[in-house]
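Student: Based on these hints, arrange chains B and C on the given structure of chain A.
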Amino acid sequence: MANLTDRIKISDRLAGVAAWLVLQFFRIFEIPLSLIQRIVGVRGMPWIFLLPNLAFFGLFVVIPLCINFAFSFTGGTDLFLSDRIYTGTEQYGFLLDCETFGDPITCREDRFWKGLYNTATFTVFQVTFLVLFSMITALILNREIRGRGFFRAVFFFPVLLSPVVVALIWKWILLRDGIMNAFLVSVGLDKILFFVSPEWSMFWAVFVSIWAHMGFYTLILLAGLQAIPPDLYEAAEMDGTSKERVFWRITLPLLWPNLLVVVVLALIKGVQIFDEVFVLTGGGPGTATQFIVQYIYNTGFTEPVRNFGLASAASIVLGLVLFVLTITQLAATRARDNG
Amino acid sequence: MTINLKTLLTVTSVAAALMASPALAQTELRMMWYNDGSEGEVMQTILDRFEADNPDITVVLDVVPYKAVLESLPIQLAAGAGPDIARVTDLGGLSEYYLDLSPYVSDTEYWETSFGPFLDWLAPDSDRISGFMTQLTVTGPYVNKTLFEQAEVTMPGEGATWDDWATAVVVVADKLDIPIPMAWDRSGHRVAGPAIAMGAKMFDTEGNPALVDDGLKKMAQRLYDWHQDGTMSKELWGSVSGSTYLGANEDFANAQVVFYMSGSWQIPQFANKIGDAFDWWAVPAPCGDAACTGMPGGAALVALQDTKHPEEVGKLMDFLAQEENLAEFYGKTLFIPGHLGLATGGVEFATDDPRAKHALETFSGAVPTISQTAFDLQGYKNNRVLFNALISRLNEAIVGELTLEQAYGRMEEDVANQLAELNR
Amino acid sequence: MADTSTQPRTLKSLITARRGRGRLHWTDVFSYTYLFLGVLLMFGPVVWLVLSSFKTPAGLIEFPPTLLPLGQIEVVVEGYEKPLLLFDVVQEDGTTKQLAQVRRIGIISQMVDPENPDKTVRVPIDQRVKVREFRLAVENYTDPLKRFNFVGFLNNSIIVTTVATVITLLINSMAAYALSIYEFRGRNAIMLFVICTLMIPITVILVPVYLVVTQLGMINSLWAVILPGAATPTGVFLLRQYMLTIPKDLIEAARMDKASEWSIYSKVVMPLTMPAIAVLAIFSIMWRWNEFLWPLIVLTRTEVHTLQVGLNAFQGELNVQWHYILAMTVVTLIPVVVVFAFLQKFITTGIASSGMK
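Protein chains in written order, with my numbering: chain A, 780 to 1118; chain B, 174 to 597; chain C, 78 to 434.
Only chain A is shown next, with the shape it has when bound in the complex:
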């Protein structure tokens, strides 16, 4: 016990030192920024505060986005924009050349469409089950249970692992000679070659990404649950309302804003899915788990002929899809703020 208090003291002292350091760090900027404030006035200060961020944004996001946009109208394999050949909308034409858009096989660039449809399938399943399981977990962790802190930590832990590590661990488990098949054999079943079946591959892709990210969303929902005023429940209990009814009438409506955030964030991350699944399934079997970001990465980066033009065009199309999702999010946020 003494040991524990010692440790707490040490960590307190460390925190004190850190806070002092941070204060000194901020003090360095005190004088120059006061001077600037005298020049630009209080009304100019927000721009000063925004400046560093905007500068980095500009350099490493906006300029690359513009280059990317310009790339999509060029062809060839040269890296520098000035060396590239202007092709107009040829790359877009190539991407969108389909007999029927519903069937990727009829498209000239079948893999792009395959990727798009796979991403849509993946996102639908992933978001649905992610929200469902985050919800269940949050509800359970919100109960009066023993070791709640421990369990929260357990469910959050995978969020800290890198996508590559997550995929490697699971791949290792699911391989033909992995522990999962050893388990199946030991209970008298046959081995399953998971990554040979399109359905299983998609299942594990969804499963593993939920495994890795559930903790984060669970905590957002948990925050929402804790913010629900307890007297509402007490009143319901006095009225003898059934548990199910309380859930549908009180918990769910009050949790709605957080749920919406979870759904939208999960949607965005779902569309962007790349490295976890690529390390896990390699996009296979065939093209069953090849997603749109992987298509773009392959086209621009791993093929022997690096087609930056086509990759950029595909990313612009993806951007449009994401833009629609963003608008949805904004609309939802509005609705939430107003409601």
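If you are wondering where the hints come from, they were derived from the structure by calculation, not from laboratory data. Cβ coordinates follow ideal geometry from the N, Cα and C atoms, glycine included. Check each hint, because a few of them may be wrong.
No farther apart than 27 Å at their CA atoms in a straight line, the calculated lysine-lysine pairs in the DSS-like style are these [stated by the list, open to error]:
no., chain 1, residue 1, chain 2, residue 2
1, B, Lys407, B, Lys348
2, B, Lys374, A, Lys970
3, B, Lys390, B, Lys554
4, B, Lys481, A, Lys950
5, B, Lys554, B, Lys374
6, B, Lys391, B, Lys374
7, C, Lys207, C, Lys159
8, C, Lys207, A, Lys970
9, C, Lys174, C, Lys207
10, B, Lys348, C, Lys207
11, B, Lys530, A, Lys970
12, B, Lys530, C, Lys335
13, B, Lys374, B, Lys390
14, B, Lys318, B, Lys530
15, B, Lys318, C, Lys207
16, C, Lys325, C, Lys344
17, C, Lys196, C, Lys174
18, A, Lys950, A, Lys1048
19, B, Lys530, B, Lys554
20, C, Lys207, C, Lys223
21, B, Lys374, B, Lys318
Derived CB-CB ranges, DEER-like [stated by the list, open to error]:
no., chain 1, residue 1, chain 2, residue 2, range
22, C, Thr311, A, Arg887, 43 to 53 Å
23, C, Ala266, A, Thr900, 29 to 39 Å
24, B, Thr218, C, Thr110, 33 to 43 Å
25, C, Ala266, A, Val819, 18 to 28 Å
26, A, Tyr865, B, Ala589, 41 to 51 Å
To give an idea of the interface, some chain B residues facing chain C are shown, with a C-beta separation under 8 Å as derived from the structure [stated by the list, open to error]:
no., residue
27, Ile248
28, Ala254
29, Ala333
30, Glu423
31, Asp525
Tutor: What follows is chains B and C alone, placed relative to chain A:
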């Protein structure tokens, strides 16, 4: 706003300059390297000797994941930010970035007589000298001989066809309940050899690439059938997408595979991993209708034209390419020599494993039997375009997303599209 | 929604508490079953990774896999120079005996009884079973650490992680401060812009960013890894949402006291934003520590390699040295686990309380 942005940039670049190592009085050469096994350590000992002889030159071996060589290096080269020397596998595809060492090596004659055919792989359109092969690879099968003995099946001998082998390995696997009778690396390069054996020409009469022909279709059909009837497991070919490489080395090492089509580079690994557990036996390339051939290939150490010290690079490459240094390198790494003088028995391989010795002999001995088409294909600058189209589309047919006919059509389109983009 | 501080733990609601004393409702059983399975599912794979990382290359590919890392026992037998491998051999009378293998020829193994080393016997190989004991293949860890400039890689990773995190926290909190405390023209436009960039996966603009970094001359410097990701939209978004909950009166009061805008930011707002800052810090540390693809492209020289790049050098063209990869994965996990253990409270309460107003 602009002033601040500029200041920021200046600060950044000053800081960047501080981070980068300052220019030393002596020349520093950077060699990008990847490892399949312990070859980096062998190279390091040779480099140490070079540095001892040339105190004014330091050579730094930058060991990177293979992914960096395959994916990042081309971008770096295109941006002019590459290393001085690199170990590469896309021999022809990167050739535009190679340095011509001819003015910097002491004896161009030696380079030409020792590395003749391989110099062409590195410089398909000219007779430049850019580097040498750190390893020559030959594709070919390994057999688990112990399984054959246990099943009391005689192994098909010299001159056996692919069909003979397919029949034999299925019998063995059935008797002993082995899950995978036959496995091939998932790689277009691996398929090319047997396809050529079946009569694939790979090029038309004018020398333009023509991937799909009757010979290729014969091999593709067999691969397709073998996957459907269980001779081959879908785990390798059916499980990933595109051109991703997958090997069955672990399953083979675990005695789950009777016959494994791979190549000479597995020798050190098998010697280490399988050891004495069973007899892994390299056998000559099975025959098709036209030939009995594997594919040559390998990795090369090349000098890159962005270097600021071409003379020192020449000196280093000259040193490394010396017969005794290469003999040491190949001998310790168990690599098939990419040096004509050493190919005929000048290398003392550092192993006492009889299986490894036999495999090294088999693959070295197979070099002269390789068909000319296979050599031409390996020397073709854009061969990876063909390999990738072949493997990814054949794969989609095998898992049932396309019919074989559709796959052939897609292969041709893929090749045409990519070459068109390249020649735009 | 305004009050997100901790609720009293004694909620007597139907959802959160047990009904009655000693009587288990089905939801209690369900909860504990779920949690138990959850622990198994969440921790199991990581435990399996750690166990596997101590196996030899041959042990890794075995089927069925052994739970613990094992090694075959070797015995020294009189008359033989090298130690011999020990096997359990089924005798003709059905009993098993431990014999040492001298050599194997084809499917016949020549074996010797360690207690009676003069006589060799011939045993078919399918009648012997390896005798093994628990043994950790520590060389999976020590070999790479010896072979590589591990300390250098670690150093670079620590520099990248800390510098990047400090920069990220500073500039993102400044931006969030501007976007939450002030009302000014263009605020909404910038917010929209931030949210839009939230959607762009870096993978998609890899090549253009590389071009920019090349033009700035930052290739092969750690800045090339630190700076591009410093202004993260996620960070701005997270911090701004939290800062919006800070009462405006506090800021007005500070202005009355003639505090400069910078001191309001650093002395009033920042301390109040600590939980959200902690969350962003943890995310930033995690992102930077785990980053692989981008450093792989901009860092080619050994002396600037980060851990993730350096340790993945075990991925060759044709051979992946799994035993090293797994061991090194565990090594890179250790700091994450340590950070997690120390900041666990912050993570769970921090996200929960900052969790989106």
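Student: Indicate, hint by hint, whether the structure satisfies it.
Tutor: Hints versus structure:
Straight-line distance between C-alpha atoms of lysine 407 of chain B and lysine 348 of chain B comes to about 21 Å, which keeps the hinted pair within the 27 Å bound. Proposed proximity of lysine 374 of chain B and lysine 970 of chain A is contradicted: the alpha carbons are some 41 Å apart, above 27 Å. Using a Cα cut-off of 27 Å, the hinted pair lysine 390 of chain B and lysine 554 of chain B holds, with the two alpha carbons roughly 23 Å apart. Restraint check for lysine 481 of chain B and lysine 950 of chain A: not satisfied, since their Cα atoms lie roughly 44 Å apart, outside the 27 Å limit.
Only pairs whose Cα atoms come within 27 Å are accepted, and lysine 554 of chain B paired with lysine 374 of chain B is accepted, the gap being roughly 16 Å. For the proposed pair lysine 391 of chain B and lysine 374 of chain B, the alpha carbon gap of about 12 Å is at most 27 Å, so the pair holds. Straight-line distance between C-alpha atoms of lysine 207 of chain C and lysine 159 of chain C comes to about 18 Å, which keeps the hinted pair within the 27 Å bound. For the suggested pair lysine 207 of chain C and lysine 970 of chain A, the alpha carbons sit about 24 Å apart, so the restraint of at most 27 Å is met.
Distance hint between lysine 174 of chain C and lysine 207 of chain C is fulfilled; the C-alpha atoms sit about 12 Å from each other, no more than 27 Å. The suggested pairing of lysine 348 of chain B with lysine 207 of chain C holds, with an alpha-carbon distance near 24 Å, which does not exceed 27 Å. The straight-line distance between the Cα atoms of lysine 530 of chain B and lysine 970 of chain A is roughly 36 Å, outside the 27 Å bound, and the hint therefore fails. For the proposed pair lysine 530 of chain B and lysine 335 of chain C, the alpha carbon gap of about 85 Å is over 27 Å, so the pair is violated.
Between lysine 374 of chain B and lysine 390 of chain B, the direct Cα distance comes to roughly 11 Å. Compliance with the 27 Å bound is thereby established for this hinted pair. With a C-alpha separation of about 15 Å, the suggested pair lysine 318 of chain B and lysine 530 of chain B falls inside the 27 Å cut-off, and the hint holds. At roughly 21 Å between alpha-carbon atoms, lysine 318 of chain B and lysine 207 of chain C fall within 27 Å of each other, so this suggested pair holds. For the hint linking lysine 325 of chain C to lysine 344 of chain C, the alpha-carbon distance of about 15 Å falls within 27 Å, and the restraint holds.
Restraint check: the Cα-Cα separation between lysine 196 of chain C and lysine 174 of chain C comes to about 15 Å, which is no more than 27 Å; the hinted pair holds. Of the pairs offered as hints, the one joining lysine 950 of chain A and lysine 1048 of chain A holds, with about 21 Å between alpha carbons and a cut-off of 27 Å not exceeded. Simply put, lysine 530 of chain B and lysine 554 of chain B have alpha-carbon atoms about 33 Å apart, too far for the 27 Å limit, and the pair is violated. Distance hint between lysine 207 of chain C and lysine 223 of chain C is unfulfilled; the C-alpha atoms sit about 31 Å from each other, more than 27 Å.
Simply put, lysine 374 of chain B and lysine 318 of chain B have alpha-carbon atoms about 33 Å apart, too far for the 27 Å limit, and the pair is violated. The hinted range of 43 to 53 Å is not satisfied by threonine 311 of chain C and arginine 887 of chain A, whose Cβ atoms lie roughly 37 Å apart. For the pair alanine 266 of chain C and threonine 900 of chain A, the beta carbons lie near 35 Å from each other, so the given range of 29 to 39 Å is met. Restraint check, threonine 218 of chain B to threonine 110 of chain C: a C-beta distance of roughly 59 Å breaks the suggested window 33 to 43 Å.
Between alanine 266 of chain C and valine 819 of chain A, the C-beta spacing of about 20 Å keeps the proposed range 18 to 28 Å intact. At roughly 22 Å, the beta-carbon separation of tyrosine 865 of chain A and alanine 589 of chain B lies outside the given 41 to 51 Å, and the hint is violated. Taken as an interface hint, isoleucine 248 of chain B checks out: its beta carbon lies about 6 Å from the nearest beta carbon of chain C, inside 8 Å. Checking alanine 254 of chain B against chain C by beta carbon gives a least distance of about 5 Å; that is within 8 Å, so the hint holds.
Checking alanine 333 of chain B against chain C: minimum C-beta separation of about 20 Å lies over 8 Å; hint violated. Taking 8 Å as the C-beta contact cut-off toward chain C, the hint placing glutamate 423 of chain B at the interface holds, the least distance being around 5 Å. Given the 8 Å rule on beta carbons, the hint for aspartate 525 of chain B is violated: about 12 Å separates it from the nearest Cβ of chain C.
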